[in-house]
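Number of protein chains: 2
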Amino acid sequence: MNPRLLSIEPSLIRALHAKRKPDSIDLGLGEPTLLPQQRFLEAATRWASEFGTKYTVNAGDAATREKIAAHYAYPGMSEARNVCLTTGSQEAVFITIKTMLDPATDELLVVEPAFPAYVKMAQLEGVPTRRVQMREEHLYRYDIDAVVAAIGPKTRLIAIGSPGNPTGRVLTRSDAQRLAKALGERPGPPVWVLHDEIYRELTYIDGPGYVAEFYPHTIVANSLSKSNALTGMRIGWVMAPVPAIDALVLTHSWVTATASAFGQRVAYEIFSEPGALTEQSQWYRKQREGVMSALDDSGLQYVEPDGAFYACVRLPNGGDSIAAAHTLVDHRGVVAIPGRIFGETLEGWLRLSWVAPLPAFREGLRRIADLTSS
Amino acid sequence: MNPRLLSIEPSLIRALHAKRKPDSIDLGLGEPTLLPQQRFLEAATRWASEFGTKYTVNAGDAATREKIAAHYAYPGMSEARNVCLTTGSQEAVFITIKTMLDPATDELLVVEPAFPAYVKMAQLEGVPTRRVQMREEHLYRYDIDAVVAAIGPKTRLIAIGSPGNPTGRVLTRSDAQRLAKALGERPGPPVWVLHDEIYRELTYIDGPGYVAEFYPHTIVANSLSKSNALTGMRIGWVMAPVPAIDALVLTHSWVTATASAFGQRVAYEIFSEPGALTEQSQWYRKQREGVMSALDDSGLQYVEPDGAFYACVRLPNGGDSIAAAHTLVDHRGVVAIPGRIFGETLEGWLRLSWVAPLPAFREGLRRIADLTSS
Chain A
36 MNPRLLSIEP SLIRALHAKR KPDSIDLGLG EPTLLPQQRF LEAATRWASE FGTKYTVNAG
96 DAATREKIAA HYAYPGMSEA RNVCLTTGSQ EAVFITIKTM LDPATDELLV VEPAFPAYVK
156 MAQLEGVPTR RVQMREEHLY RYDIDAVVAA IGPKTRLIAI GSPGNPTGRV LTRSDAQRLA
216 KALGERPGPP VWVLHDEIYR ELTYIDGPGY VAEFYPHTIV ANSLSKSNAL TGMRIGWVMA
276 PVPAIDALVL THSWVTATAS AFGQRVAYEI FSEPGALTEQ SQWYRKQREG VMSALDDSGL
336 QYVEPDGAFY ACVRLPNGGD SIAAAHTLVD HRGVVAIPGR IFGETLEGWL RLSWVAPLPA
396 FREGLRRIAD LTSS
Chain B
36 MNPRLLSIEP SLIRALHAKR KPDSIDLGLG EPTLLPQQRF LEAATRWASE FGTKYTVNAG
96 DAATREKIAA HYAYPGMSEA RNVCLTTGSQ EAVFITIKTM LDPATDELLV VEPAFPAYVK
156 MAQLEGVPTR RVQMREEHLY RYDIDAVVAA IGPKTRLIAI GSPGNPTGRV LTRSDAQRLA
216 KALGERPGPP VWVLHDEIYR ELTYIDGPGY VAEFYPHTIV ANSLSKSNAL TGMRIGWVMA
276 PVPAIDALVL THSWVTATAS AFGQRVAYEI FSEPGALTEQ SQWYRKQREG VMSALDDSGL
336 QYVEPDGAFY ACVRLPNGGD SIAAAHTLVD HRGVVAIPGR IFGETLEGWL RLSWVAPLPA
396 FREGLRRIAD LTSS
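Those protein sequences? They're chains A and B, same order as listed.
Its first residue numbered 36, the first sequence is counted upward by one per residue in the numbering used here.
Its first residue numbered 36, the second sequence is counted upward by one per residue in the numbering used here.
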C-alpha cells in the first residue's frame, strides 16, 4: 500500500460530524442550505434527451469553457483553452499540486489559516509543505509581507484562498498587486500562485483583489458548489495560462478523464444567463446582516466575514479548540469546527458556518459563550 | 513541474480522433451511440428539486452503495461499506493504482492487450510496470498460466479487464478459479487483482468468470458508462474488501471528495429498477450478429468478441499498425485504433468499435481489407 496515504491525519471535520446528534445545532456545515436553481438542471436534462451524456474532450466542452474564460477575462487566460473543467474545485486543486510541483525538488507554501486539504493533498503527493501564519492580532487579515518573507528557495507554488475558508478574509486589490509585484521581482524560476476563488461570488467588501489580474504565473480554482448551491454536482474548473493549462489537462485526463458532461451542461446554462451566477448572493448578504448582529450580541471576539459563509469566533478563554469542539458536540449539542485544524495560528478559535437559520446560529453562539473552560 | 507527467506518452487515440474528417467512418469510438434511458435523468432531476444536490459522504450515498453491493453480491464485498462511488471507472482505476502500490517497492502487472491507461496511470504515480502478453496464436484468449508465470517478486497488483478492451476477450469461470487458486497458493504478501469489469453487461458468452467470486484480494472497478450509455455522467465505483476499501475511500476523498450526487442518484434509480442495467444489452447482442457476418465477409482475420463492443482485425499484411491507422484516417476516411498501443502483442492489428451503423462498419472493413501495404 502507498505509505504516504497512511501518513495523512484523518479528517477531524468528518469525525465531528459523525458525532452529531439529530437535535444538534450544526454550525460545521461547509455547504449552502439553499436549493440549486432547478431550471438549470431541467435544461440540462432536456439537452441530454437530445444529445445524451457523452464524453467531452478531456478539458471539457469547448463552448462551456469559452463562456467561463470570457466571464472572468483574466489576462493570459481568457480563452476556452485556458480552462479545464474538473470534478469540483477539489480535483482542480489536486491536479494543480500534482502537476506544478516536483516532489523531489519543490515545496508548497500554504497561507494559513487555510482549508486543510491543501496540505493533505501535498502529503499524498509527497510534496513538502511550508506554512505561513496570518496573525491573530491582525484578526487574520492577509499580510502580503509575511507571505513573501515565507517563500523559501524550494517554494514553487503558494496556495491562498480568498475569500478564505475558514476566516472569510479577502485579499484587497492592493494586496493582489503587492503580491504580484513582489513575486514578479524575484529572480530565478517563477513562484506560482494557486488562488482558490471558490467563495468568490460571496464577497461582501468593496475592491476585492484577484491575483490573476496582476500576476501571469497564477492558477485559479473555482466551482459552482458555493455560488449556486451545487456542491453535489461536482463541477469545478482550473484556469491557467498556456502551457501550464496543458499540463493540468494531461494530469486530469489520467485522474478522472473528464468532468460530468451533465454538470458541464448545467454550467453552460448558468454562464449563459446573465446574473445566474450571483442570483443567490443576495441571500448571503442578507443573512450576513443577521449574523453580524448575533455576533455583536454574543460578547465573543470574532472575525468579521469579508466573504464566504463562515465566522471565526474566539473561545471565551481561548485554549484548546479541538477539546472545545468535542465538548460542544458531546455535551452542548453544537457542531463547530476547531480552528487548530486550519493552522496553529487559529488555535483558541472556532469556525462557525452561518448557513443554518439565524435563531440556531444565535443559540449556538450562546452555548459557545457559556463555555467557561475548554 | 512534476517530471513524471512529462514522461507519459500522449494519447494516440486522441491524436487520431483529432485528424478525423466530418465524413470519416469512425470505428475508433470508445463509447455507446445509444441515448441513455432518459427516465432516470428525469427522476434524478425531480429528486434534486426536493433535496438539492448536496455533498454525499466521501464514499457516496449509502443507499446507492448498498444497492450496488447487493446487486453483485461478491463474497466479502457485498455491503454498502465495500463500495466507493467514483468519477467514472477512470477514477476507480486511478485510486486503486495510487492506493494499493508503494512506488518504492511495488510493481503493477498489466495483462496485455490492455486499455493503455493502466500503464500511464502507473507512470504518473511512479509505479514500475511489468507486462504480460496474451498471444496472437491464441487469438488473445486469456492464458492464466502465462499471467501467473509473469508475476515478479515485486508484483503486488495485476490489472486485468474482462470483457477486455481492446480484444473483447472474457475470462471464463475456470480461468477465474485457476487464477484464484494460483494466487491463493503463493507464499508471502498477497498479490491483488484489479478486475476491470466496465464491459460486464456486454458479455456474449456463457459462463464468464469474475475473479472476485473466488479470490478475496480482488478489487472490482465498474461504471454505468457502457451498460447505460452514460459515459458523460461519470459514475463509476470501486468495490473491495475491508480494509482495502477504507484506504481507497481515503485517496478518493483527497482526489475528488465525492462523485456527482446527481449521477449517484441516476445510479440509485437504475439499480432500483430490475433489468434497467441490462436493458440496452439486447441492442449490442443484435448488433454483434451483423458485425460477425460483416467480419466473415471481409476476409480479414479477426478476434470474435466475447464481450464489449470492439472487434480486433489483423491488417492484410500485418505490420505497423500505427502507420496503418494514420494512412486510414488521412487517406481512406476511416478512424481505427492501432493495436500496438494496447501492447506489443497486438502489433499488426487494429481495434474497431462496432457501435456505428452496420453499413459504415462494413464499408470500413472493406477499406481496411483494401490496404495492401501498411
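Quick caveat, the hints were computed from the structure, so don't treat them as lab data.
Note that the structure is predicted; figures quoted are calculated from it, not measured.
Among the hints, erroneous ones may be present.
Because identical chains share one entry, a pair is satisfied inside a single copy or across any pair of copies.
Said to hold, decoys possible - Derived EDC-like pairs (lysine to aspartate or glutamate); straight-line CA-CA distance at most 20 Å:
id	residue 1	residue 2
1	LYS155	ASP137
2	LYS155	GLU114
3	LYS89	GLU77
4	LYS89	GLU248
5	LYS56	ASP241
6	LYS56	GLU171
7	LYS89	ASP61
8	LYS189	ASP281
9	LYS54	ASP365
10	LYS102	ASP405
11	LYS155	ASP141
12	LYS102	ASP178
**Item:** Hints breached by this structure
**Value:** 2, 4, 5, 6, 8, 10 and 12
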